[in-house]
Amino acid sequence: MTRYLSVRIAGKSSPDAPVLTPARLADWCRRFTPLAAPDAPDGAMLDITGAAHLFGGENALAAEIEARLAKLGYEARAALADTPEAAWALARHGDARAIPEGADEKALRRHLGALPVAALRLDAQTAYALSQTGLKRIDDLILRPRAPIAARFGAEVFARLDGLLGRIRSPITPRFEAPVYLVERRFADPIARREDVEGALAMLAGDLTRLLERHGEGARQLEATLFRADGAVRRIAAASSRPLREAGAIARLFHERIKAAGEARDEDPLDSGYGFDLLRLAALEVERLGARQDALGSADFAPPTAPRSRRAATHEPAPEMAEDLTDLVDRLGARLGLRRVMRLVPQDAHLPEFAVLAMPAAQLRSGGREASWSGEIALPRPIRMFERPEPVEAMAEAPDGPPLRFRWRRVLHEVAAIEGPERISSEWWRQDAHALTRDYFRVEDRKGHRFWMYREGLYGVEAPRPRWFMQGLFA
Amino acid sequence: MSQGGSSERVGFLRAAIARIEAQNTAGALALSAAQGRLCEVTPATASDGAAACGFALSLAIAAAARPGLIVWVMEDFVFHENGAPYGPGLHHHGLPMERFVLVRTEGPRQTLWALEEALKSRACAAAIGELRDGARHFDLSATRRLTLAARAGRSEGLLLHTRPAQGLSTAAQLRFEVCGQPGPTLASAGGRRPIPTQPAWGVRVLKARAADGQYGRPDAERRREMIWGRTLPQQKGQADDALSLGSDRRQKLA
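The listed protein sequences correspond, in order, to chains R and G.
The numbers in the working numbering rise by one with no breaks, and the one at position 242 of the first sequence is 242.
Heads up, the working numbering is the position in the second sequence plus 1000, with the first residue counted as 1.
By construction, these hints were calculated from the structure, which means they are not laboratory data.
Cβ coordinates follow ideal geometry from the N, Cα and C atoms, glycine included.
Careful, some of the hints might be misleading.
To be verified - Label pairs and their calculated CB-CB ranges:
hint, chain 1, residue 1, chain 2, residue 2, range
1, G, L1140, R, R409, 28 to 34 Å
2, G, L1206, R, G216, 52 to 58 Å
3, R, S372, G, I1195, 26 to 32 Å
4, R, A237, G, I1195, 49 to 55 Å
5, R, V180, G, H1080, 37 to 43 Å
6, G, L1148, R, E263, 55 to 61 Å
Stated by the list, open to error - Chain R regions said to be covered by chain G (calculated; three or more residues, Cβ under 8 Å):
hint, region
7, 323-332
8, 337-351
9, 384-392
10, 406-420
Stated by the list, open to error - Short, incomplete list of chain G residues facing chain R, as computed with Cβ under 10 Å:
hint, residue
11, T1045
12, L1090
13, V1103
14, Q1110
15, T1185
16, R1193
17, T1197
Build the full structure now, drawing on both the sequences and the hints.
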C-alpha cells in the first residue's frame, strides 16, 4: 500500500521568505523522502511509503513539514492519503489531516464526499460549469449516471473521480529517481564551514562504504545533497570510472568537486549561507564489485620477481597501479570536468581530422570494443594538428606542382625538402557535397621546421585556383 | 666545488653522451629518470614550438619504458592556437597511445594543479605540462612543488614552453633549448628537391643541476644535433632508428 502526502503553500507569512517554486519545494521535501514531485502551481507531492515512521508517524511528519515551512515564512498545509488525488484534494479543500491508511470506498466517500467539485482538480471552467448545473459536491457526482455528465463535461471528470476513490492508480513523477543507496546525517546546529561539510561528507562516505561492502557493490555515480537551513538545496554530483568503495577516494572526489565549484565562482564554493542542517550522500549507480583482496597474498606472499618482470616487459600496469591510474583520471575529471580528461581513439576515416576521436577517459573500459592503435604505422602524420586548417600563401612552379616557398602566419618559409602529393579525398558515401580533393605535402623548410600542408581542389577540375592550407606540424 | 669535482662531472656527462651515441638506445637519455625529475623544454625561437614539442615527446617516450600513463596537460588556448595533439601523428612518433591521456584545462593554475596531481599519482610514467607565458607561472616555488611531486611519484615531469622563455628561474633539473634542424633527407629522382625523412632537432642543454651528483655543468654553447627515429617493433632492425646524438649519423643517412 502506498501513501502520499500533498504539500500546499497557501501563501507567505513573512515578506522576506525565499522564493519557493514547486521544483524547489520538491527538492526541499526530498529531506523527508527521496520520491518527491513538484506539483504546479503551488505544491509538491511526496510518496512517503515507509518513510513516516522515521519522523514519528504521519501526523508528526505533516506537522513537521508545516512547522518547518512556517519557519521559512510560508503558510503551508500537508495532508495524507492513499492516492495522490485524495491527498491533493484534502490539502486544498479538506479539514482533516489524513485519510486513514487502507480506507475503503465508503470511508473515502465519508471523508471526501462533502468537498466541492474543484477538489477533483478540474480546470476552473469545468468546475464552475458543474457547480452551475447543481453538481456542487463530489457526492453529487458519485451518485449520478456517468454517461450524460461525461458527454457534457468530458471524460476527465470521472477519471479524476476514479483516481480520487482509488479505483485507478495514478503514479506520481518524482523529480529524481530514488537512489540505490542513501546515507544521511542531520545536524541540530547547521554547519557552514567548508571543512566541516567535507568532514561530514567523509563520515557519510564511510557509512556508504559499509553499505556498499555489505551488498558487494561499488558506486559509479554519486551525489551529495546539501540541505540549507533556509530551504535551498545544493546537489553535487561525482562520477567514478571504476566501481568505488573506499571512503577516502569518495571523499577526495567531493573535495575536488567542491574546490572546482569554488574556482568557478571565486567565492564560498558551497554558498553555505545559514549553514546546512542535513547532508545526504547517495549512490545513484552501482556496479558489482567483488570482495577486495588485501595485502595478504599480493605483495608479501607471491614471489616478487617473476610476475613483476613479466609485467615490465609487456607494459601491463600492475594492479595497484591500475587503481592509482583510475584514481588519477577520476580526480582530474572531478575537478576539471570529465570531458576534459581524454583518451584518443583511432577512427576509420579518410580525412585526417576524422581519423581520431577524443573520448572521455572515464568512459573507456580496459578491454573495451574501441579500436586500438596497435596496427602498423602507415604514413607519417603530424604530431599537432590545427582545429581549422590555416590559409597559406604558397608559390609553386606550376599550379598543380609542389610549393617552392610559402607564407604562413606572416613568416616566409623556403622549402628545402618535400614529399608529396598524398591525395586524400573524403569517402564517396559521405554526403559532403563541397568536399574537395586534397593533395597533402610533407614540407621541410630551410630552418628545419616540418609542416603538413595541402592544396585543396584539383587544379582545373575542381577549382580554378586551388588554395593552400596548413593543417599540422611535424616534430 | 673543487676543480677536479667539476671536471669529473663534465666527464660523467660526456661519458653519458658517449654511451648514448654508442648504445643508441632511446632510454639512455633518461639519466636519472627512474627517481623522478623535472625537465624543461623551451623553443629557441617562436617558430620552434613544434620542434620543442617533438623533443619533449621523445623524452616522454624514453620515460615510457616504465609502466604508467603519459599525460599531456594543456590549456585551451594552447590547444586552439598551437595545434591539438594529433593521435595518428603521436602514434607515428612512437608514443604508446593506449597509455596516453590528454587533459585540457582552463588556465595556468589548473594546468599546474593537474600536472602536480599526475606526477605524484604514481600512475604516470611521464607528464607533460604545456603553458604559454610559462616563465610567469613556472616560478621557483611552483617548479619546486612539481619536482617534489615527480620524486614522490617517480615520474618524469616535462615543462613545455610554447614560446622562448628568457630569465627562467625554476627548480627543474634539466633545461633544454630546442630548435628545428634540417633532418636527414633522401635524394629524390629527377634532380628535384629531396624527401624529408626523420625529425631532427638542435638541442642545447642550458642547465643540468647537480642535485644528486649525477650531472655536471653543461656546455651551454654546444648545440647537439639529434635525430629521432621510431623505435617500433617492426622497425627495430634498422640500426639508426633510435635517439642519437652527434652529427656523424646524419652523413651516414644522407
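Right, here's what the structure says about each hint:
no., hint, verdict
1, G:L1140 to R:R409: 28 to 34 Å, "holds, 33 Å"
2, G:L1206 to R:G216: 52 to 58 Å, "holds, 56 Å"
3, R:S372 to G:I1195: 26 to 32 Å, "holds, 30 Å"
4, R:A237 to G:I1195: 49 to 55 Å, "holds, 54 Å"
5, R:V180 to G:H1080: 37 to 43 Å, "holds, 41 Å"
6, G:L1148 to R:E263: 55 to 61 Å, "violated, 23 Å"
7, 323-332, "holds (count 7)"
8, 337-351, "holds (count 7)"
9, 384-392, "holds (count 4)"
10, 406-420, "holds (count 6)"
11, T1045, "holds, 9 Å"
12, L1090, "holds, 6 Å"
13, V1103, "holds, 5 Å"
14, Q1110, "holds, 6 Å"
15, T1185, "holds, 5 Å"
16, R1193, "holds, 5 Å"
17, T1197, "holds, 9 Å"
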